[in-house]
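A.B. asks: For reference, the chains in residue letters:
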Amino acid sequence: MVFAMGAHALLFPYTETTQSMRTMTELTYMTSLSTSVAYDELAFNATYPEMPTLGRMDFIYDK
Amino acid sequence: MTNNAFWHFLTLQLFKERSKHTSVILISVMILFLLSSVLFISSSIRFSLDETLKVQPDFVVSRLQGGSSIATPLAWGDELLDIYGISKVTPRVYGRYYFTAKEKSFLIVGVDFMEEQSHERLQKLIETTDIKTFFGGKQMLVGAGVKTYLEAHFYKSSYNFLTPDGTFEKVKIFNTLPTQSNLLANDMMVMPIDLARKVLGLGSEEVSDITFNVPNPDEWDMMTDKLSALHYDLHVVNKNEVRKSYENLYNYKGGLFLMLFIIVLGTFALILYQRYSMVYSSERRHIGLLRALGWSINDVLKLKLIETLIVVFSSFILGVFLAYVYVFMVGAPILREIFLGGQNLDNVVSFVPVVDFSVLSSIFLIYALPFIAAVLVPVWRVSVTDPKEAML
Amino acid sequence: MSGDMMIQIENLNRTFAHAGNEVKVLQDINLTIQKGECVILKGVSGSGKTTLLSLMAGLDKPSSGKVLIEGEPISKLPDAFASELRAKKIGMIFQHFNLFEHLSVAENVTIPLIPSGMKMKEIHSKVERSLTLANIIHKKEILASRLSGGEKQRTAIGRALVANPDIILCDEPTANLDRDNSLLFIDILKELHSMGKTIVVATHDPLFDNLSFESRVIPMVDGKIV
Chain A
1 MVFAMGAHAL LFPYTETTQS MRTMTELTYM TSLSTSVAYD ELAFNATYPE MPTLGRMDFI
61 YDK
Chain B
64 MTNNAFWHFL TLQLFKERSK HTSVILISVM ILFLLSSVLF ISSSIRFSLD ETLKVQPDFV
124 VSRLQGGSSI ATPLAWGDEL LDIYGISKVT PRVYGRYYFT AKEKSFLIVG VDFMEEQSHE
184 RLQKLIETTD IKTFFGGKQM LVGAGVKTYL EAHFYKSSYN FLTPDGTFEK VKIFNTLPTQ
244 SNLLANDMMV MPIDLARKVL GLGSEEVSDI TFNVPNPDEW DMMTDKLSAL HYDLHVVNKN
304 EVRKSYENLY NYKGGLFLML FIIVLGTFAL ILYQRYSMVY SSERRHIGLL RALGWSINDV
364 LKLKLIETLI VVFSSFILGV FLAYVYVFMV GAPILREIFL GGQNLDNVVS FVPVVDFSVL
424 SSIFLIYALP FIAAVLVPVW RVSVTDPKEA ML
Chain C
456 MSGDMMIQIE NLNRTFAHAG NEVKVLQDIN LTIQKGECVI LKGVSGSGKT TLLSLMAGLD
516 KPSSGKVLIE GEPISKLPDA FASELRAKKI GMIFQHFNLF EHLSVAENVT IPLIPSGMKM
576 KEIHSKVERS LTLANIIHKK EILASRLSGG EKQRTAIGRA LVANPDIILC DEPTANLDRD
636 NSLLFIDILK ELHSMGKTIV VATHDPLFDN LSFESRVIPM VDGKIV
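Protein sequences, first through last, are from chains A, B and C.
Okay, so the first sequence: first residue is 1 according to this note's numbering, each after it adds one.
Okay, so the second sequence: first residue is 64 according to this note's numbering, each after it adds one.
Okay, so the third sequence: first residue is 456 according to this note's numbering, each after it adds one.
A few of these clues could be false.
Said to hold, decoys possible - Pairs of lysine-lysine, DSSO-like flavour, derived with a Cα cap of 27 Å:
no.	chain 1	residue 1	chain 2	residue 2
1	B	K201	B	K235
2	B	K195	B	K235
3	C	K595	B	K79
4	B	K451	C	K576
5	B	K83	C	K594
6	C	K574	C	K594
7	B	K79	C	K576
8	C	K543	B	K365
9	B	K451	C	K490
10	C	K594	B	K79
Hints were generated in silico from the structure; no laboratory data involved.
Can you build the whole structure from these sequences, using the hints too?
C.D. replies: Shown next as structure tokens:
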């Protein structure tokens with residue numbers, strides 16, 4: 001089991017995956033995680049749009 | 064006493080009392096699986112976030128009015144360039160477009176494709192496509208989640224945006240953004256900056272906010288004060304604050320789980336303790352019998368300790384392995400919604416395998432120590448009791 | 456001579472606390488058992504014979520007095536020594552057999568030898584010998600839960616004999632056996648007696664009143680030797 005985990009981790013295309021996201025950020029200059037929470041621009045959010053979830057509890061309860 | 068005969072007897076005890084150990088192992092595996100899964104998802108997202116924050120601009124300035132963000136004047140960019148220590152000033156145009164009122168929404172991001180670097184980056188992102196054709200009309204690149212959603216609503220090749228001035232803007236879907244970037248791009252629509260302005264209702268001299276770099280980290284603290292002095296309604300955020308905010312969120316979610324885990328583990332340990340302490344339990348009689356047959360207290364404790372360690376290690380390895388497979392090979396269906404949500408667009412993210420050994424060691428210690436104590440303390444108490452009383 | 460004395464009991468008392476009262480289960484017991492002797496502790500239920508046997512085996516501690524096994528005060532020994540004494544010198548046969556139901560006959564008989572540090576090969580040969588003596592070798596792979604009362608008793612005998620102890624203590628050995636099996640048990644006791652083992656049996660079974668081999672009956676009433 002440990003061997004299987006190790007093999008998978010070694011063979012995983014880290015560079016490809018992280019490079020894709022880095023290029024996305026370089027293109028858009030944004031690091032907004034596509035997390036599905038309350039996208040509420042009305043509530044004061046110090047880190048919007050990078051962090052649209054701050055200050056809201058909607059990610060815990062249903063909409 | 065740990066000779067071949069001891070190991071032989073230990074093996075017998077483990078296999079012949081399979082049902083007793085199986086239930087304990089199953090519960091332990093379930094608890095460890097859940098906790099490890101949550102921690103794996105959290106570490107993976109954090110890793111991905113850290114990787115992208117490395118190339119994210121250092122600062123973002125925006126305009127606030129009454130506590131809300133409003134359009135930022137493009138002219139502020141020129142003022143920023145005049146400040147010593149600031150470089151690479153780039154305006155951003157983006158915003159939320161609601162497909163249906165208060166339902167699904169997309170993140171529209173405008174990119175200035177006049178910049179040479181944008182061409183290179185775009186080509187890097189979508190290697191197989193000739194991007195020259197992208198600039199030939201009103202076209203956009205969409206995230207995988209957007210593509211799926213639009214197709215489900217019969218928008219297969221284009222979409223008509225309703226702009227704030229009441230007109231419709233038909234934009235063709237050129238291509239889908241790579242799925243490896245789903246963590247960021249799942250709900251994105253990337254289009255030329257002027258088109259984004261039109262759809263979002265921003266004027267030609269307006270942007271959503273402005274980013275820039277401050278290469279000297281020692282100047283970061285001072286920069287916030289400098290900038291705040293520029294305009295009363297200027298709001299500054301640096302990327303460390305963004306990182307901290309995400310960490311707080313994931314620590315909070317992870318912390319909730321840790322709390323739940325501790326409660327469940329505490330209950331489990333209590334149950335185990337009860338089982339060994341019960342006056343009429345078979346465990347108690349077995350220990351008394353071993354003592355009566357000439358086993359010393361140390362012999363009994365050694366047997367039970369090693370038996371418990373085997374159960375603990377087996378459960379831990381199995382639990383972590385299953386969590387690894389579930390998160391990094393299967394994509395953590397259901398559980399990923401806790402971090403990625405499920406209220407907006409469905410997101411299929413390929414989590415980057417990140418195994419934080421310090422966290423795993425902590426999980427092991429938090430799980431193993433109470434477990435071992437819950438078993439050994441009553442075993443010791445029974446062992447030091449006179450065998451006759453223990454066998455009652 | 457003290458060299459021939461296997462078990463010595465001096466001024467032994469055992470008191471239990473029950474519902475706030477003190478219950479004297481054994482009162483001023485003085486007893487000497489010679490090497491190779493067979494002693495029957497006779498008495499009804501509650502006479503204290505089982506308690507006396509437990510104290511001789513070191514399974515219980517006296518409230519006062521001494522139990523000496525070959526001159527060693529068993530109740531005062533540190534745990535490691537007391538356990539070794541129990542493992543090597545004393546073989547105990549319990550009233551309810553007290554077998555590990557999930558283990559086989561052979562596996563049950565192995566248990567007293569495990570702490571000794573013996574190699575598996577040596578343990579196997581001792582177990583085989585013991586099972587043959589107890590006449591249960593043909594059932595050695597059978598799970599204890601599948602044995603009849605008589606077979607369980609013979610497994611318990613095998614376990615008691617495996618370390619070749621000098622002393623065999625039996626607590627109501629025929630209480631859960633039919634007459635035929637009880638007689639079979641007495642035959643095994645006779646054989647053990649002929650091997651020079653010191654045997655103590657706590658029982659109220661009248662079959663032990665007139666044994667065909669030399670034995671001493673010690674009647675007990677209300678925690679005292681009559």
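A.B. asks: Work down the list of hints and note, for each, if the structure agrees.
C.D. replies: Here is how each hint holds up against the structure:
1. Restraint check for K201(B) and K235(B): satisfied, since their Cα atoms lie roughly 6 Å apart, inside the 27 Å limit.
2. Straight-line distance between C-alpha atoms of K195(B) and K235(B) comes to about 15 Å, which keeps the hinted pair within the 27 Å bound.
3. A C-alpha spacing of about 16 Å is found between K595(C) and K79(B), which places the hinted pair at or below 27 Å, so the restraint holds.
4. For a cut-off of 27 Å, the pair hint linking K451(B) to K576(C) is broken: about 32 Å separates their Cα positions.
5. Taking the CA atoms of K83(B) and K594(C), the gap is near 26 Å; set against the 27 Å cutoff, the hint holds.
6. Of the pairs offered as hints, the one joining K574(C) and K594(C) holds, with about 23 Å between alpha carbons and a cut-off of 27 Å not exceeded.
7. Between K79(B) and K576(C), the direct Cα distance comes to roughly 22 Å. Compliance with the 27 Å bound is thereby established for this hinted pair.
8. Of the pairs offered as hints, the one joining K543(C) and K365(B) holds, with about 20 Å between alpha carbons and a cut-off of 27 Å not exceeded.
9. Taking the CA atoms of K451(B) and K490(C), the gap is near 25 Å; set against the 27 Å cutoff, the hint holds.
10. Simply put, K594(C) and K79(B) have alpha-carbon atoms about 18 Å apart, close enough for the 27 Å limit, and the pair holds.
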